[in-house]
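Residue-level listing of the chains:
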Amino acid sequence: MRRISVTVNGERHEAEVEPRQLLVYFLREELGLTGTVVGCDTSSCGSCTVLLGGESVKSCTLLAVQADGADITTIEGLARDGELHPVQQAFHEEHGLQCGFCTPGMVLATVSLLAESPSPSDGEIRLALEGNLCRCTGYQNIVKAVKAAAV
Amino acid sequence: MAVSEDRVVRGIGHSVKRFEDGRFIRGRGNYVDDIVLPRMLHLEFLRSPLAHARIRSIDTSAAEAVPGVVAVVTGELLAQHSLAWMPTLSGDTQAVLATDKVRFQGQEVAAVIAESAYVAKDATELIDVDYEPLPPVTSPQQALAEGAPVIRDDKEGKDSNHIYSWEAGDAAATEQAFAEADQVVELETFYPRCHPAPLECCGCVADVDPATGKATIYMTSQAPHAHRTLFALVAGLPEHKIRIVSPDIGGGFGNKVPIYPGYVVATAASLLLGQPVKWIEDRTGNLISTGFARDYHMRGELAVKDGRMTGLRVNMLSDNGAFFADAQPTRCKAGLFHIVTGSYDIPAAHVQTEGAYTNKAPGGVAYRCSFRVTEASYLIERLVQTAAYELGEDPVEFRRRNFVRPDQFPYKSATGFTYDSGDYEGALDLALEKLGYADLRREQAEARERGELIGIGVATFTEVVGAGHGAEYDIAGLRMNDGAELRIHPTGKAVLKLSVKSQGQGHETTFAQIVAEELGLQPEDVEVQEGDTDHTPYGLGTYASRSTPVSGAATSMVARKIRKKAQKIAAHLLEASEDDLEWSSGRFSVKGAPEKSTTIQDIAFAAYTNIPEGMEGGLEGVHYYDPPNMTYPFGAYAVVVEIDRGTGQWKVRKVVAVDDCGVRINPMIVEGQIMGGLTEGFAIAAMELIDFDEDGNCIGANLMDYLIPTSWETPAFDLGMTETPSPHHPLGAKGVGESATVGAPAAFVNAVVDALAHAGVRNLEMPVTPDKVWVALQEAGLGG
Ligand code: FES
Ligand code: FES
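Line by line, the protein sequences are chains A and B.
Under the numbering used here, the first residue of the first sequence is numbered 192, with each subsequent residue one higher.
Under the numbering used here, the first residue of the second sequence is numbered 673, with each subsequent residue one higher.
The following block holds chain B by itself, in its conformation from the complex (with noise of 0.2 Å):
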């Protein structure tokens, strides 16, 4: 083998452009549609066009008499095999095909399996439903009002729509607070309902094999392993008899983290009738039936002592629709909600929720956000901003105040987190600074005495991510640990297999990144595998920005592990002792001897060729990752907004992002997830809505009606980094994925309300579409 040169790899902290793009750009990408099999069939669905309703009966005949058309499988034939229900990821149920009631407008009643994709949809139009309608829920205040309608009245002993009660935090203590606080500041909001909405949506392709019994699934799964232990569990299939394979996935924000009935009664009709079965959802069947967003009623009271926060109080209330689908850690009802303190430190804190069912589409997920910490970060932050204008101070300087101070970390929240690593401080004034904060204000004076209105919104909020610690974190019984199988080939090229599934990150460049920094390869001499089952090591998958902070944990871990091997043979190569021999970029050498060196290709190829007596062969390891931790990813934005005062309507003039995310292993990709979270924030707080009228009718059942930001209406972003390390991941890396999407939505809101608050107003509610603002211009005076 010929020794390498001396060369630079690139590591952490090179911006490699990605190696996936090679098929994306050249249309080479293969998604879910894309897959094709022998014989294959096709499935649409019937939906619900009630919100609530009894069933009478359904008669499919005329459907069966299509020609084209093979089996109409409705709930009544799914009860006979048990899976006209199936279990959610928060431990209810939820209906497969709809049976005794419809609880939700687009709810799936029946499925045309059919020859082809518009035989089964024309097919679908001639079932005939008799339905008895029935009075809808349309709020959680509602649904657990005295008298309110009982949505599931499938649950035994079930006589209301109240789903769970949770809490964290200390009430004596916070009450405490309370009592001998200056004053206390209140904010009522709601973030309302809105969808991820990836650009690719929901599918599966479920090909049961009925000569060897083997369920192959191709599916838009950002976790395929926990999927399959679900599916195992659900079917009673044997685990070893599924394999998921998750493909190229078109985005998924959180959306593709559900077990939906597409997946299930693609696979019982493939099982059924041997042949494989085709599920595609369109636009309008994603944003009405599969994961939601947010949907938080919440109220938050600040007391503050001598400038200083000292309590904190919240009530949530939350509409999680017909079922109880959540996708959060079992322990926690309302996920990482309760880490609404935020960046600051205070001392008292109570938090308590409650969930409610209602007639609308199940399966709260978290929209590009950790758990719902993005709720929790809009309150705070939003709350924050409400005080500081209640108590006269300049809004970043409370803040200030009220940090977190780096000594004080690793700092232990009062609702039980405990933050690894941050410098809150000095996001916030790079952030100022690249703002021009001061020169603004005075600006912002100027212009009222004109009468125009100029407003600056700044937001500095704590993530939490990377679940986490198998003791305390689960997902449906499933300890959220991820492993990393690494292999090095004899010519020292590697093929690392994960449990997590990229759905746009870049995981074949980061995680390639990490095998080299750890061992010395070029990462274009790594192979990153993902999404199949039956060939990754198991592992819970991708979302709540946990990629990184787990599997990149894990890769890192493996890697080390094979560098363990690699300098045994290394010792035997170089005939010296173990001890003798140091590491740098690739290589071992002889300490004092520098010449005599062996580099890991050559290690790789005597792993194979020439070991050490008694020596295993092979270089290979697999590595499970169980976080000691989360990580705590924070940063300061600030937004400039401009309002028209005689149309309500407001232009972003500046963004600055400043994130810390610990160290960023691939810089390039880290911006680019920044960016991404940035517009979507952006779209959450100015435009993207899934409303309901008094029926339970949905609006924004299409990219007519829920609207997602074009590149036109999407502000450009000045980015920043701060750096700092977690101390417990071995890369120092805190995970990105999600950070701009939690910080976002306040900092925009917070610019808004900024530029009508010298008249007295405090809040305005998400989506600020121009008509809001425009009615309170006209309350506060300021109208044009």
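In isolation and in its complexed conformation, chain A is listed as follows (with noise of 0.2 Å):
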């Protein structure tokens, strides 16, 4: 077991780990974050992705002790004082969401997009977004989504 200590939401826990735990598991099954989800064995998804020191990472693919002393956000940690983030709001709008598993991902992945480019196009929000497979809506309405959260 290795000793931890990481911040999450803005709140910092000290934790046990065991080396190999993936830093996606320890969020969901630690901290009880089960917003972060798991859809493959092989990084190819993105269902896992969180905000690490504000960028976004694949959380299956760092492990838990590979995120000592960082600061991480995760879906839980988006909306402020009950509002919601104004990516939250866009997906809601723009009907950017069906099934919502690869939601959290979807999310974090664009306000990670938007904090390098505030204003894409669809083109380099397409590319940004590769790394995020959606099964259920066809990316168009994810693509007005991030746009509306830009303007």
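Hints listed in this document are in silico derivations from the structure and should not be mistaken for laboratory results.
It cannot be assumed that every hint is accurate.
[Unchecked claim] Computed spacing ranges between beta-carbons, pair by pair: (1) B:P1339 to A:E315: 40 to 46 Å; (2) B:R1077 to A:E315: 45 to 51 Å; (3) A:E307 to B:A737: 48 to 54 Å; (4) B:D1377 to A:E202: 52 to 58 Å; (5) B:E1395 to A:E209: 35 to 41 Å.
[Unchecked claim] No farther apart than 27 Å at their CA atoms in a straight line, the calculated lysine-lysine pairs in the BS3-like style are these: (6) A:K338 to B:K1233; (7) A:K338 to B:K1106; (8) A:K335 to B:K1323; (9) A:K335 to B:K689.
[As the list claims (entries may be wrong)] Covered stretches of chain B (chain A as the covering partner; in silico rule of three or more C-beta atoms under 8 Å from a C-beta of chain A): (10) 688-699; (11) 1066-1074; (12) 1169-1180; (13) 1223-1229.
All C-beta atoms in this analysis are idealised placements derived from N, C-alpha and C, irrespective of residue type, glycine included.
Got two chains here, separate frames each, mind docking them using the hints?
Given below as structure tokens:
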């Protein structure tokens, strides 16, 4: 077991973890933050996306021990004082989700994209989100949601 | 009670933003893997590395010795409880855990139950299985050849791999049509094996309470009630002691219709150990062992006389894998594949189908398609285009001349369907107009002069959904009827309980709007509950685009029952005769005296506080809907592609999709369904494939090999609509979830073939990958 200290959604956590535990399972099982989900075994789907120091990463590609000292935001930490983040609001308004399984990852990937590129074109959005699969929506409304959140 | 002000009730036709979104966008969905119970154990499978082998022995001792392992379950252990085999949805049997042989790569051989998933996974690697390899059978043609190894030697007296023969239509009349034809056009094509691959894999948490004997199974189920009944039949548990809870589901597309060994083993383990057991499938498990789709080898022949389609002959051979576990109505061995005459008025047709066992995963499901309609639609739409080329005619004009005309509805098809309503030409005209078809054909000709290749593909499909009439359609003996239960609380808020189960379709919004339309409540005043068999009425679930056609109708009907009672209460409140009342948008008023009125909210309150003498209290009801007929959504899709002659890459320039699904309840949700379906249709046409090598190794068992389109590959869609109501559905709705997956693959493939058609190319097999196009370009002398 290894001792780590991480800040998640503004709260500091000290924990003993198995060195091989993936960050996504640490978040889900140790911290109960089940908004971050798992959709594959090959780092292909992006449903486990979180923000690490503000940048999007797939939390199934990191070990929990690698996140020692990191500052992480999960989907649960995005709304502030009950107010939805503009990206969350835009996904709702533009019908950018159906089953919702990809949504936390999509929303966080979008937050990260807009931090880098505040008003991306359709093509830039489609390229930037290509690490996040959605099986339900066909992406068109996701692109619309990203644009709506950007303005 | 305050009388509410006049307002617009946001019922049918309103794009109400979805109520279910709130929890999903906050990460507060409740998917099966989010469920954690006290003392819960974890299950992991050991899967077969071989496609076909006899099991000589299984040694579990090393796995059992791992700290944290609670039990190792083998087929032999299950056999002691008569649970080693289970019935399938097609009346066959399927191994829960292999006992005698393994019959496909990835088959479940043993299960480790441990205190954590990591430990369980470790321990599976310590199970020692001694296999005696057997020759694998990897195609249905090979399976049916003389001397092929018999896969299902577990079945008493079974000496071949043949599963079923099934036919529809009139063979003699079809012969006659071919004998009299001017021309006969053929197409042989293969709709390859693909996989629904919802983003959430399958899983369950089984919790059998040793004190009460009650089994609560949280599982990824598109059909919780049917599954409960099947569980009762498989495990011999009394049905009222089984509660299936289907929580939020991360996409289904048919993949979550069958019963899988994971559910059964987890339940058996929980029963034996007295602790909850969680099974969460990984992606490889999902792709390698659960409900695949398609795998139909098809041959179609079209007889044409004077430019009219006069006969259709279809032969189909299906690859069903090691167990015949297709999810489909009992009497239809190839699902609704016999809808293969599509949108065309073909007086004679005959469909002959055969199925074969192979050493591949079982569980043929309809990946976002109503029981094999997709294969049928693909075949006819590809065949019609081929025929048009052979006749030297524009594929669009050939279609137009042969459509079932609006005045022919209800139309009886040559294979026995009665189409409810349609205007195929209307949808086609709109699609062509949006596309700019005539200009594009000119541009295509000019481009060819310059040596550039553009293709225009069209598909004008007809679907058949909303199964179905109880006398004709059942799943494992259960009539395909669904219930809706509606209760109006005293303060005018309602709860609607349904037998179906959303996997992303937005039922919590759409069905609330149906109640809103019928009773004049606002949709946000209606809570929709689904998925818990202890608390919802019986029914067969959500697949085959049946929720709106069947449960939507049930919802309307139950709301109308309630409105009848509300009218009696209103008469009492207004001191008027029932017959003197008229209804409009949530209010009864006295005819000719509109100031004398009462709202549905006032009536609801009265139902619990002030009812006429002799009336039963409360304001609630239940209705089980038996659809009088199927519904027949249709549409016209058109795709434009550009081909790179040097590489064979094809790029989608434009996609136009005109859908007619009858009355649209929530247009925003309907369009969302269509775009999702178009994407999956594109995926199948372009990239998705579950393939096997000659040893039966599955190629495509993870998301690096099984290619799901990303936002980058997926084209933009231009949608259009026409509206031809279903005459027999109470709301005129037809269902839409799968239309786009049914229509789209042929449109994309037709477009790529069209680009090469002038050089004689007639067919390309899906997935139409650049290498296949490149070869076709070379062969046709079009290589760049
Ligand atoms: S779970 Fe698929 S990328 Fe992390
Ligand atoms: S909404 Fe279902 S996977 Fe994206």
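Checked hints:
{"no.": "1", "hint": "B:P1339 to A:E315: 40 to 46 Å", "in the structure": "29 Å, violated"}
{"no.": "2", "hint": "B:R1077 to A:E315: 45 to 51 Å", "in the structure": "48 Å, holds"}
{"no.": "3", "hint": "A:E307 to B:A737: 48 to 54 Å", "in the structure": "52 Å, holds"}
{"no.": "4", "hint": "B:D1377 to A:E202: 52 to 58 Å", "in the structure": "40 Å, violated"}
{"no.": "5", "hint": "B:E1395 to A:E209: 35 to 41 Å", "in the structure": "58 Å, violated"}
{"no.": "6", "hint": "A:K338 to B:K1233", "in the structure": "45 Å, violated"}
{"no.": "7", "hint": "A:K338 to B:K1106", "in the structure": "25 Å, holds"}
{"no.": "8", "hint": "A:K335 to B:K1323", "in the structure": "22 Å, holds"}
{"no.": "9", "hint": "A:K335 to B:K689", "in the structure": "15 Å, holds"}
{"no.": "10", "hint": "688-699", "in the structure": "holds (count 10)"}
{"no.": "11", "hint": "1066-1074", "in the structure": "violated (count 0)"}
{"no.": "12", "hint": "1169-1180", "in the structure": "holds (count 4)"}
{"no.": "13", "hint": "1223-1229", "in the structure": "violated (count 0)"}
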